[in-house]
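Sequences listed follow chains A and B, in order.
The opening residue of the first sequence carries number 1 in full-length UniProt numbering; numbering runs sequentially from there.
The opening residue of the second sequence carries number 1 in full-length UniProt numbering; numbering runs sequentially from there.
No wet-lab data here; the hints were simulated from the structure.
Fair warning: this is a prediction, and the values are worked out from it, not measured in the lab.
Be aware that a few hints might be false.
The list makes no distinction among identical chains, and a pair is therefore deemed to hold if it is satisfied within one copy or across any two copies.
As the list claims (entries may be wrong) - Think about it this way: if two alpha-carbon atoms lie no more than 35 angstroms apart in a straight line, the pair counts; the simulated DSBU-like pairs of lysine-lysine are:
1. 277 x 173
2. 277 x 5
3. 44 x 277
4. 176 x 277
5. 160 x 277
6. 160 x 38
7. 277 x 38
8. 176 x 44
9. 5 x 176
10. 160 x 176
11. 5 x 44
12. 5 x 38
13. 160 x 173
14. 44 x 160
2 protein chains.
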Amino acid sequence: MPLFKTLMVIGPGLIGSSILRRARSTGQLAERLIVMDKEPAVLKRIEELGLADSVTTEPAMAEEADCVVVSVPVRAIENVVRSLSPHLRPGTIITDVASVRGELDSSILSLLPHGVEYVPSHPMAGTEFSGPDAGFAELFENRWALLIPTPETAPWACGKMQNFWEFCGARVKFIKADEHDRICAMVSHLPHLLAFTICDTADNLSSEMRSAVLDYAASGFRDFTRIAASDPVMWRDIFTANRDVLLETLDRFLRDVQSMADAIRDGDDDAITEKIKRGRSIRRTLIQNKQA
Amino acid sequence: MPLFKTLMVIGPGLIGSSILRRARSTGQLAERLIVMDKEPAVLKRIEELGLADSVTTEPAMAEEADCVVVSVPVRAIENVVRSLSPHLRPGTIITDVASVRGELDSSILSLLPHGVEYVPSHPMAGTEFSGPDAGFAELFENRWALLIPTPETAPWACGKMQNFWEFCGARVKFIKADEHDRICAMVSHLPHLLAFTICDTADNLSSEMRSAVLDYAASGFRDFTRIAASDPVMWRDIFTANRDVLLETLDRFLRDVQSMADAIRDGDDDAITEKIKRGRSIRRTLIQNKQA
Ligand SMILES: NC(=O)c1ccc[n+]([C@@H]2O[C@H](COP(=O)([O-])OP(=O)(O)OC[C@H]3O[C@@H](n4cnc5c(N)ncnc54)[C@H](OP(=O)(O)O)[C@@H]3O)[C@@H](O)[C@H]2O)c1
Ligand SMILES: NC(=O)c1ccc[n+]([C@@H]2O[C@H](COP(=O)([O-])OP(=O)(O)OC[C@H]3O[C@@H](n4cnc5c(N)ncnc54)[C@H](OP(=O)(O)O)[C@@H]3O)[C@@H](O)[C@H]2O)c1
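Produce the complete structure using the sequences and hints provided.
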């Protein structure tokens, strides 16, 4: 028997449509799939792809769902939940897949009717592409899904969502919201910020430099840019929702950059090689762990 | 008939041994291969690999060479050339493969006897590995080899070295030294500096963060770290030899980072998405050019 009778996915983009594809291909997640989006064209595409039993632009259908996955940009989540709220039955699980917690959890909790279980989750999987055609059923395979229950989340709902992500192919970890945001600032948000910026810098320098970058990208630059193709609104939302933690992590990084710059300026050979060696050690461990 | 009668490679590491492998596999570069290194163990390995007709720790054999490739870290080049200099015959071509020009060219020119042709070159190809076992004959295939002749380099010698790199599989471009250093600062040296530093920052933060980085590297961090495994001495030399241009490029980048940080701090949505969009455009062009 599938985990849920009726699963509703709101925002069938990269993440949402990957969940839908997984649900279709394994049959383990739900008997019936409802898909909601604000754009009829997107819903039409979802129907063409055979990824929904019902599609809707209206939140009222949420009353038919046992589980609602809100897979829209971080700052759009609150409004979506507000519109859903009157239609949610007690016993329904609602989750988002937001890349940052920030203040989100308390706003969402304050919107939900009694008896609805909120289980924030964050699948640590993605690509630089977006939209309903970008998803694939294996996206979460062997990747982490972080579960970040609020103090009010019922254990049974955590258990269900653990099964949900495991059926998606992911490995599940429970984590606290502040720890989540600190870790994601370091492993994901800061790298994205730097990737967007280095592309911007190259672009600003001169047209000579722009074409040189395009010619010689393989020399190191290219590695920095894969993630820079990601969606602007999604990343604007992440950067602003994790503002304080991200800026603090950036400060740490800038202090380390400054210290490397000082060592180069002063010709302090030992300091330079020490920093390079320390930097290498994390990379080497990644290689040993076959994650590189 | 091969391009040179006798080719001498000094420093048979990643780059040097790739040239030797290419020479062996195509027969186009030289009839005879001499390899010099300061470490007898390295020379023994080169003999085991069948990559040399003669090996030596002594510079005297340079008198037998028509072309000498000095493939050692940037700041070791000058001393190597000083030791070779008394043994070089007029008509011999000497080249290095240094990743930065800086002050190198004038120092080398002042060391060379009359009639020896110096043709600085920089193959824009590499990996994060080093040593005689890291090389491979296809390393330069379809990559750029930049030729940076000095005002005193004879045209015939430029022509020979153009053939040399083309026989290695590379596409050749002639470029001025200062332009070379500015471009490489942007496409290669700055990305490496940031890659080493972000690994260092993660490592410095806490052991919790270190292990989180290892768990969740796939979320963006990993892309930044491939190049951070590269050799510390090679990079120390590059950073210090290109000091002024690198620090200037870093300053431009830091100003752009600061401006992104300000936009995030102020919640200036338009400024954030504008910057992200500008950053994406270079990446998109790379994808269109099939270089990504
Ligand atoms: N991409 C990743 O790497 C990744 C990884 C983990 C978590 N996440 C999180 O997953 C969520 C979705 O990201 P995604 O990559 O799947 O994005 P996506 O492919 O761009 O899909 C976003 C979906 O949200 C809808 N949407 C956008 N703005 C909306 C609004 N104001 N109101 C209602 N719906 C809106 C879009 O609908 P239309 O197409 O009709 O505009 C689309 O269906 C985000 O919260 C993101 O932080 C992303
Ligand atoms: N790797 C890249 O991505 C890349 C790309 C383009 C250009 N380059 C340039 O190519 C050159 C060589 O780099 P590589 O990657 O081939 O390095 P590598 O694999 O580490 O090889 C360096 C070679 O130089 C020798 N060497 C080191 N220090 C020396 C010294 N003080 N005196 C004499 N010989 C010394 C080493 O000998 P031992 O093994 O005996 O120590 C080794 O044979 C550098 O100038 C670098 O800037 C590198």
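Against the structure, the hints come out as follows:
no. : hint      : in the structure
1   : 277 x 173 : both (31 angstroms within a copy, 33 angstroms between copies)
2   : 277 x 5   : neither (54 angstroms within a copy, 41 angstroms between copies)
3   : 44 x 277  : between (53 angstroms within a copy, 28 angstroms between copies)
4   : 176 x 277 : both (32 angstroms within a copy, 32 angstroms between copies)
5   : 160 x 277 : neither (44 angstroms within a copy, 39 angstroms between copies)
6   : 160 x 38  : within (28 angstroms within a copy, 64 angstroms between copies)
7   : 277 x 38  : between (50 angstroms within a copy, 23 angstroms between copies)
8   : 176 x 44  : neither (38 angstroms within a copy, 56 angstroms between copies)
9   : 5 x 176   : within (29 angstroms within a copy, 68 angstroms between copies)
10  : 160 x 176 : within (18 angstroms within a copy, 64 angstroms between copies)
11  : 5 x 44    : within (23 angstroms within a copy, 69 angstroms between copies)
12  : 5 x 38    : within (24 angstroms within a copy, 72 angstroms between copies)
13  : 160 x 173 : within (14 angstroms within a copy, 60 angstroms between copies)
14  : 44 x 160  : within (30 angstroms within a copy, 62 angstroms between copies)
Figure legend: structure checked against the earlier numbered hints; hints not met, in rising order: 2, 5, 8.
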